[in-house]
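Enquirer: The listed protein sequences derive, respectively, from chains A and B. Each residue of the first sequence is one higher than the one before, starting from 1 at the first, in this note's numbering. Each residue of the second sequence is one higher than the one before, starting from 1 at the first, in this note's numbering.
It is possible that some hints are incorrect.
Said to hold, decoys possible - A few chain B positions that, by computed beta-carbon distances, are all more than 10 Å from chain A: (1) Asp141; (2) Arg162; (3) Ser289.
Claimed, not checked - Cβ pair distances, simulated, as ranges: (4) A:Gly5 - B:Lys378: 35 to 43 Å; (5) A:Leu90 - B:Val221: 53 to 61 Å; (6) B:Val221 - A:Glu261: 48 to 56 Å; (7) A:Gln59 - B:Gly296: 51 to 59 Å; (8) A:Val78 - B:Glu321: 38 to 46 Å; (9) B:Asp271 - A:Val78: 22 to 30 Å; (10) B:Arg113 - A:Phe265: 32 to 40 Å; (11) A:Gln59 - B:Asn402: 26 to 34 Å.
Hint data in this document are derived by calculation from the structure and do not stem from the laboratory. Glycine residues also receive a C-beta, built at the ideal position from the N, C-alpha and C atoms.
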Amino acid sequence: MDIIGAQLVNGVSYGLLLFIITCGLSLVFGILGVLNLAHGSLYMFGAYLAYSLTVTYTQSFWIALLVAPIVVALIALVVERTLLRPTYHLGHLSQVLLTFGLAYVFHDIAKFVWGSNVLSITVPPIFSGSTSIFGQTFPVYRLIVIIVGIAIAVMLWLIQDKTRWGAIIRAGLSDKEMIGALGVNIKLVFTVVFVIGGVLAGFGGVVAAPILGIYPSMEFQTLILALVVLVIGGLGSIAGTLVASVLVGVVETFSRFLFPELSMFLIFGLMAIVLVFKPNGLLGKKVA
Amino acid sequence: MNVNKKLFMFFSLIFLVTLLAACGNSAIQSNSNSESSNTEESTEQQGENAGEGTIKVGSILPFSGVYASLGKDLSDGMKLYFDSVDWEVEGKTIELIEEDTEADPQIALRRVRKLMDQDNIDILTGAVSTAVAYAIRDDVDTNKLPYLASHAGGDDLTRGQRSDYIWRSSFSSWQIGHSMGEWAYENVGEKMYVAAADYAFGREVSAAFKDAYTAAGGEIVGEVYPPLGNNDYASYLTTISGVEADGVYGFFAGSDAVRFVQQYEQYGLKDKYTLVGSGWLVSEDLRESIGDAAEGIFASSFWDYSLDTVENQEFVAAYEEAYNRRPTVESLEGYDAARVIVEAISTLGGDVSDPDATVEAISNVTFTSPRGTIEFDKDTHHIIQNMYITETVIEDGRTENNVIHTIDSVQDPGE
């Protein structure tokens, strides 16, 4: 029984880590309708920047946690303003191709700057200890990840549902022309949302780095899982992303525990089943 | 968003997911071709009209993709040795032609054919991925091209897939896994758990370990094979922590090794079970990233940075001076492969026109390498070498490996 409980904690922790990484992607897709395949690359930059900041310049995880997402947000700003904006009227295919191409460009830049070695980050001493739950030893950092994941979910929900900005964003999603006519600068809204997506990706990179490690092509590995979460949860739904992340985390953890050889297969199996019974994902918006 | 757009998004998404899952790595790898062709030109010691006075050595290594750092170390090691003989042997100039295999068997095969047909190479070396070595095996065999495998460790290359023209100066999976078995039984305990990455190499090494360990009298209480490139070991580690055992045998390399060793400590397993594995678990280029979690690991390898021999100290000093970083086991493999080639050419008096004479010369090469004395087994075409057990300790605030035990002249059984 204890081992089931311990695996459940593992699964929830892994799931919320996935949520922290995926929520920015989901937000951008939900509001801009842009499937940003370079999201994984922004996540990777967050991780690599955090490495540089903690190892060479400041030695502080906290500064990395603050600075890395801001730098990534600047990259996102430049990408949105210069590359993505002209594609809004061209449709999804060109956006997908553009961001996918960008992912390769970023991959080579990262390899050029940081080389192809495996890197890692150490967490601050207060997080680096272990604690005991269900008679099992757990790294404290994993439990912190659960708290951070829930905090981000609550924050995103509050912003979207309770603030004026959230109302504008939701309105912009439903009817771009109308909200433009009402005097809201919709282009600015899109830029802001894309930058927030960048902040979340960078933040996810920093938070995930101590657990998942930093190495070349880490972004593609993560992107696949993020897309699976996105599809299962329902495209563009933050609540769906949260549910799907935890579901994928728990299913993958338990499949590793019960059928270690099948774990990757079971995740894609889960996606297939969800798509068959709920083509819009678990909590996806109804097709209007 | 209207219905059609939504549907389109769905299909393109699913398509992309499958695409990424299926060929993620190979797609990534095709990026940096140009990089390798630059290295290629820079290493060519002679111009286009290199004629009679040159011996052409073809080298197939991954310079992009997941194994890129291994390819670079192998290449640097080779060049270090060729530099030390001024790229000359018996009055002939050595010309090294490097090709990027990207760890993809199909690409490797094309590169090898290019090396044979266009460059007319005399000797072939390299291959990090064993799948690459198997893929080129038949072409090498039918064209009678002397090939010295300098990394790829798949057992079968010098067993079922053996060829008159293929010799191996690196290691076999069997040597890596088997050498740890008896030692672990005598020094760690009677019950062990096995965790290895789920790919051919991980399976072969752990199978060899299990054979040797159970033959010595030990009992394997459980085993688990996480996928290669697995990003989180939490679930596996929780499973292992519920098991009665004295130690864990772990076979992981690269980023897998970093995560496994770090998480092994974080989940409190380090205090319960001794962790043993192969040299790649605590290799020179990973230990800095792993940090103190590597302390107390026992590993088996055929070379270690800390080996206290004159040959090794000279090699390490020369390598550090040339590249300003520590050599890895791959650097050593490249260095030794280059030396085997040079010594073979030397016995032939510089005449490599007859492939049968060339492989005969390779088979007779023996010398004291930085890893100890090496020679070839003429039956299996595989190297006979010492294996070392290392212990990772903390010295001056960083982890170092110490050689604590030597197993002399380990010979692959060849079947």
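Enquirer: For every hint, state whether the structure bears it out.
Expert: Against the structure, the hints:
1. For B:Asp141, the shortest C-beta to C-beta distance to chain A comes to about 33 Å, beyond the 10 Å cut-off, and the non-interface label holds.
2. With a minimum CB-CB distance of about 31 Å to chain A, B:Arg162 clears the 10 Å threshold, and the non-interface call stands.
3. Consistency note on B:Ser289: stated as away from chain A, yet its beta-carbon is not over 10 Å from all of that chain's, at 4 Å minimum.
4. Checked against the given bound of 35 to 43 Å, the beta carbons of A:Gly5 and B:Lys378, roughly 59 Å apart, lie outside it.
5. Between A:Leu90 and B:Val221 the Cβ separation comes to about 59 Å, which falls inside the hinted range of 53 to 61 Å.
6. Between B:Val221 and A:Glu261 the beta carbon distance is about 19 Å. The supplied range of 48 to 56 Å is therefore violated.
7. For A:Gln59 and B:Gly296, the Cβ-Cβ distance of about 26 Å falls outside the hinted range of 51 to 59 Å, so the restraint is violated.
8. Between A:Val78 and B:Glu321 the C-beta distance comes to about 42 Å, which sits within the given range of 38 to 46 Å.
9. Checked against the hint of 22 to 30 Å, the C-beta distance between B:Asp271 and A:Val78 comes to roughly 48 Å, which is inconsistent with it.
10. Between B:Arg113 and A:Phe265 the CB atoms are about 36 Å apart, so this pair conforms to the stated range of 32 to 40 Å.
11. Taking the beta carbon of each, A:Gln59 and B:Asn402 are about 29 Å apart, inside 26 to 34 Å as hinted.
Of the numbered hints given earlier, the model fails hints 3, 4, 6, 7 and 9; all others are met.
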